[in-house]
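Q: Residues per chain are reported as follows:
2 protein chains.
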Amino acid sequence: MITPEKALQIILDSILVLKPEDVHISEILGLVVAKDVFSEENIPPFDNSAMDGFAVRSKDTKEASPKDPVTLILRGEAVAAGDTPEIKLKKQIAMEIMTGAPVPQGADTVIPVEFCKKLGDRVIIYTHYPANMNIRKAGEDIRRDDKVLEKNKIVYPADIGVLASLGMDKISVFPKPNVAILCTGDELVDIKEPLTPGKIRNSNLYSLSAQVEEVGALPLEYGIIKDDPEEIKEKITDALEKVDLIITSGGVSMGEYDYVKKTITEMGADLKFWKIAQRPGLPMAFWILDDKPIFGLPGNPVSVMVCFENYIRPSIFKMMNKKFQPRQIIKAKMAHPIKNKRGRVHFVRVIVYRERDELWVKTTGDQGSGILKSMAKANGILTIPYEKSFIERGEYVEVKMLKPILKTPIPIRIEDF
Amino acid sequence: MITPEKALQIILDSILVLKPEDVHISEILGLVVAKDVFSEENIPPFDNSAMDGFAVRSKDTKEASPKDPVTLILRGEAVAAGDTPEIKLKKQIAMEIMTGAPVPQGADTVIPVEFCKKLGDRVIIYTHYPANMNIRKAGEDIRRDDKVLEKNKIVYPADIGVLASLGMDKISVFPKPNVAILCTGDELVDIKEPLTPGKIRNSNLYSLSAQVEEVGALPLEYGIIKDDPEEIKEKITDALEKVDLIITSGGVSMGEYDYVKKTITEMGADLKFWKIAQRPGLPMAFWILDDKPIFGLPGNPVSVMVCFENYIRPSIFKMMNKKFQPRQIIKAKMAHPIKNKRGRVHFVRVIVYRERDELWVKTTGDQGSGILKSMAKANGILTIPYEKSFIERGEYVEVKMLKPILKTPIPIRIEDF
Numbered sequence: 004m005i006t007p008e009k010a011l012q013i014i015l016d017s018i019l020v021l022k023p024e025d026v027h028i029s030e031i032l033g034l035v036v037a038k039d040v041f042s043e044e045n046i047p048p049f050d051n052s053a054m055d056g057f058a059v060r061s062k063d064t065k066e067a068s069p070k071d072p073v074t075l076i077l078r079g080e081a082v083a084a085g086d087t088p089e090i091k092l093k094k095q096i097a098m099e100i101m102t103g104a105p106v107p108q109g110a111d112t113v114i115p116v117e118f119c120k121k122l123g124d125r126v127i128i129y130t131h132y133p134a135n136m137n138i139r140k141a142g143e144d145i146r147r148d149d150k151v152l153e154k155n156k157i158v159y160p161a162d163i164g165v166l167a168s169l170g171m172d173k174i175s176v177f178p179k180p181n182v183a184i185l186c187t188g189d190e191l192v193d194i195k196e197p198l199t200p201g202k203i204r205n206s207n208l209y210s211l212s213a214q215v216e217e218v219g220a221l222p223l224e225y226g227i228i229k230d231d232p233e234e235i236k237e238k239i240t241d242a243l244e245k246v247d248l249i250i251t252s253g254g255v256s257m258g259e260y261d262y263v264k265k266t267i268t269e270m271g272a273d274l275k276f277w278k279i280a281q282r283p284g285l286p287m288a289f290w291i292l293d294d295k296p297i298f299g300l301p302g303n304p305v306s307v308m309v310c311f312e313n314y315i316r317p318s319i320f321k322m323m324n325k326k327f328q329p330r331q332i333i334k335a336k337m338a339h340p341i342k343n344k345r346g347r348v349h350f351v352r353v354i355v356y357r358e359r360d361e362l363w364v365k366t367t368g369d370q371g372s373g374i375l376k377s378m379a380k381a382n383g384i385l386t387i388p389y390e391k392s393f394i395e396r397g398e399y400v401e402v403k404m405l406k407p408i409l410k411t412p413i414p415i416r417i418e419d420f
Numbered sequence: 004m005i006t007p008e009k010a011l012q013i014i015l016d017s018i019l020v021l022k023p024e025d026v027h028i029s030e031i032l033g034l035v036v037a038k039d040v041f042s043e044e045n046i047p048p049f050d051n052s053a054m055d056g057f058a059v060r061s062k063d064t065k066e067a068s069p070k071d072p073v074t075l076i077l078r079g080e081a082v083a084a085g086d087t088p089e090i091k092l093k094k095q096i097a098m099e100i101m102t103g104a105p106v107p108q109g110a111d112t113v114i115p116v117e118f119c120k121k122l123g124d125r126v127i128i129y130t131h132y133p134a135n136m137n138i139r140k141a142g143e144d145i146r147r148d149d150k151v152l153e154k155n156k157i158v159y160p161a162d163i164g165v166l167a168s169l170g171m172d173k174i175s176v177f178p179k180p181n182v183a184i185l186c187t188g189d190e191l192v193d194i195k196e197p198l199t200p201g202k203i204r205n206s207n208l209y210s211l212s213a214q215v216e217e218v219g220a221l222p223l224e225y226g227i228i229k230d231d232p233e234e235i236k237e238k239i240t241d242a243l244e245k246v247d248l249i250i251t252s253g254g255v256s257m258g259e260y261d262y263v264k265k266t267i268t269e270m271g272a273d274l275k276f277w278k279i280a281q282r283p284g285l286p287m288a289f290w291i292l293d294d295k296p297i298f299g300l301p302g303n304p305v306s307v308m309v310c311f312e313n314y315i316r317p318s319i320f321k322m323m324n325k326k327f328q329p330r331q332i333i334k335a336k337m338a339h340p341i342k343n344k345r346g347r348v349h350f351v352r353v354i355v356y357r358e359r360d361e362l363w364v365k366t367t368g369d370q371g372s373g374i375l376k377s378m379a380k381a382n383g384i385l386t387i388p389y390e391k392s393f394i395e396r397g398e399y400v401e402v403k404m405l406k407p408i409l410k411t412p413i414p415i416r417i418e419d420f
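In order, the protein sequences belong to chains A and B.
When the letters of the first sequence are read in order and numbered with this note's numbering, they come out as residues 4 to 420.
When the letters of the second sequence are read in order and numbered with this note's numbering, they come out as residues 4 to 420.
In case anyone wonders, no lab produced these hints; they're calculated from the structure.
Any given hint could be a false lead.
Stated by the list, open to error - The list that follows gives simulated cross-link-like pairs (lysine-lysine, DSSO-like), each with its CA atoms no further than 30 Å apart:
id	chain 1	residue 1	chain 2	residue 2
1	A	Lys342	B	Lys140
2	A	Lys120	B	Lys275
3	A	Lys403	B	Lys406
4	B	Lys264	B	Lys245
5	A	Lys334	B	Lys403
6	A	Lys195	B	Lys154
7	B	Lys150	B	Lys22
8	A	Lys406	B	Lys173
9	A	Lys391	B	Lys140
Turn these sequences into a full structure, and let the hints steer you where they fit.
A: Pasting the structure below:
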């Protein structure tokens, strides 16, 4: 059996970054840029007014003051944003102008409307502005050939605004991986079907789908798949054509009906490993088939979620060429002793809470891998290493946080353990 | 003019939490639960095996050891997950059982397969387990009437798994707000249209849409709206029927063609305020019409994004009944002096970076509200208060982070200021 660290290393070494695609800017938020993007234009494309007011030649208002205003002659209609003024401004002439409107030729400053008074075909101006005030110069934001987005950067809303203003509707990014979810097992029924004896509901489909969504990939939900080699083969073949990564749940233990492991391996997949020295999730398998990763998770709801968190989440980051965002790690004190089975890394679902100005950790109760409640109640995962068989009360431990720390102290009750 | 704090207070006081809706569990990740959810069933619904192995009566294996194994008689087919074993286990009888399969009546423990050897219709057992080992008891995860999800909690993937396992396909949550985006201005053309003189591209639609998406709401993109009261009225009327919140850009200054402010007010909307003592975004307006908030943002790309961040982001959190997640605030040293116009709160786009083991802040260059690059380059926003006209080099300031801190030191170049 390999260790969790070794397993993750094998997985990340086998996984390829997805091929870049040209994607519309409405769909690239949070994705990673695959190629440097250069501007083909100036922004703004023309000198335009930063204020509502009057475009003038600065010289003509040199003497203007509240007590001794200057009167200029108004020409043409008010220039609005979107207009193309054809008049060239001569001496002693002013033109009314709106924010964003092109500054007419000849004008070199804009006097804000609050310092002016319009009177018929004249305007009285009560202040002076030097040249080049209140004007946004062509190219002052972005110049032609400026690099506006750098390869390997994550796209934020302002970047999308910049691309739109440059007329770029598509850029090359590393796309969101499509992820197939195949839940196997004759015991599974869909959530709205009646629960006959011996059956359980297929919760893995929904929790995995949410985990895939949370990390920014696109889940493709396959229904329930029977413990039948033919059906497994057919669905895997179908998924290989449609997606970038396949997750199965169930069918990887040592039981007689565990067909997933056998079937996928017989399809020619390269089994990179089977079994990790961990709890939960020991019988996890991992293959590469047609260059695509296949994660064979055990069927237990908690194993599925913990294996996703530890192995598939970093894999999806890599496929998107995204720097892996590790969860926040906090240091806190163990609120009670805890035992571990030597030789296995134990991922314990815990609650981290604040009490008497200190951070404490307690488990969420029974850690059976079927007990999904232990995962739903947890805000963090405590990793007990391999060689450690006991953690004492009061000992400091490190916890990987999945949710915020509980602010209100929660009384520790003995029945929680 | 009101202050930014007062403006936010007026907005949040006027905005209502959305009405809860029953939403399918595939669509509730990250939303807030509107009603306590109680289990109607036991999970697991029946005692089932936690291992692949042999179901036995614990007593019958009491003496078993590697040196002195016990042989039991095998009955029936191996019980797989999903089966319903009809045999009741008698003395000295064992049944092969798979993980997840119902434990047959009479059996009280499961011996893992690695301690057993199957020989025809017998099984040799090399160890003893006390009663109730390797069995997941009915209801041990969740009991009928347990509260499984609490009102006002955010939904995480494990919660979705729990709901699925309980057969609940819909629960009551505060839904994602639908947000209409109306960009007004005769100067606007869509991003793929040719840029004729005097025109600029409608970048606000795309940056706003990305901001709406980032905060978890659903953007509804209206095209470009002309500076025409009739068209503005028609689109606002349409949006009021379809969405929960309306954002307009442009048309709220004092210019002659600024029809948005006039038109919406004339439609009977309750104008809560117009103008905030801030830079950028001074002429922002805010109305309530038919109980729905309308944000009238200025047309400048940076004003739009900063106003969204400061006023609309917290509003959307409130509508979703989500505890507001403020951005991370960090303390850093000003890398250069900076001036402010008194009487306005100035939201300066800055870069926070690490150098010589300290955090430093510099502006992203020209802070004109048309310069979207200043926003795209920024990783934080520095708020210079009202009364402050100058920040010295080396002075400590607080910055609201929009993106991670730059790790690699960036040389400070004089042309950046």
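Q: Each of the hints needs a verdict: does it hold here or not?
A: These are the hints, each one checked on the structure:
For a cut-off of 30 Å, the pair hint linking Lys342(A) to Lys140(B) stands: about 22 Å separates their Cα positions. Pair hint Lys120(A) plus Lys275(B) holds up; C-alpha atoms about 29 Å apart against a cutoff of 30 Å. Between Lys403(A) and Lys406(B) the alpha-carbon distance is near 21 Å, which keeps this suggested pair within the 30 Å criterion. Restraint check: the Cα-Cα separation between Lys264(B) and Lys245(B) comes to about 21 Å, which is no more than 30 Å; the hinted pair holds.
Taking the CA atoms of Lys334(A) and Lys403(B), the gap is about 25 Å. The hint holds against a cut of 30 Å. Restraint check: the Cα-Cα separation between Lys195(A) and Lys154(B) comes to about 23 Å, which is no more than 30 Å; the hinted pair holds. With a CA separation close to 22 Å, the supplied pair Lys150(B) and Lys22(B) stays within the 30 Å bound. With a CA separation close to 23 Å, the supplied pair Lys406(A) and Lys173(B) stays within the 30 Å bound.
About 29 Å separates the Cα atoms of Lys391(A) and Lys140(B), which keeps this hinted pair within 30 Å; it holds.
The structure shown violates none of the earlier numbered hints.
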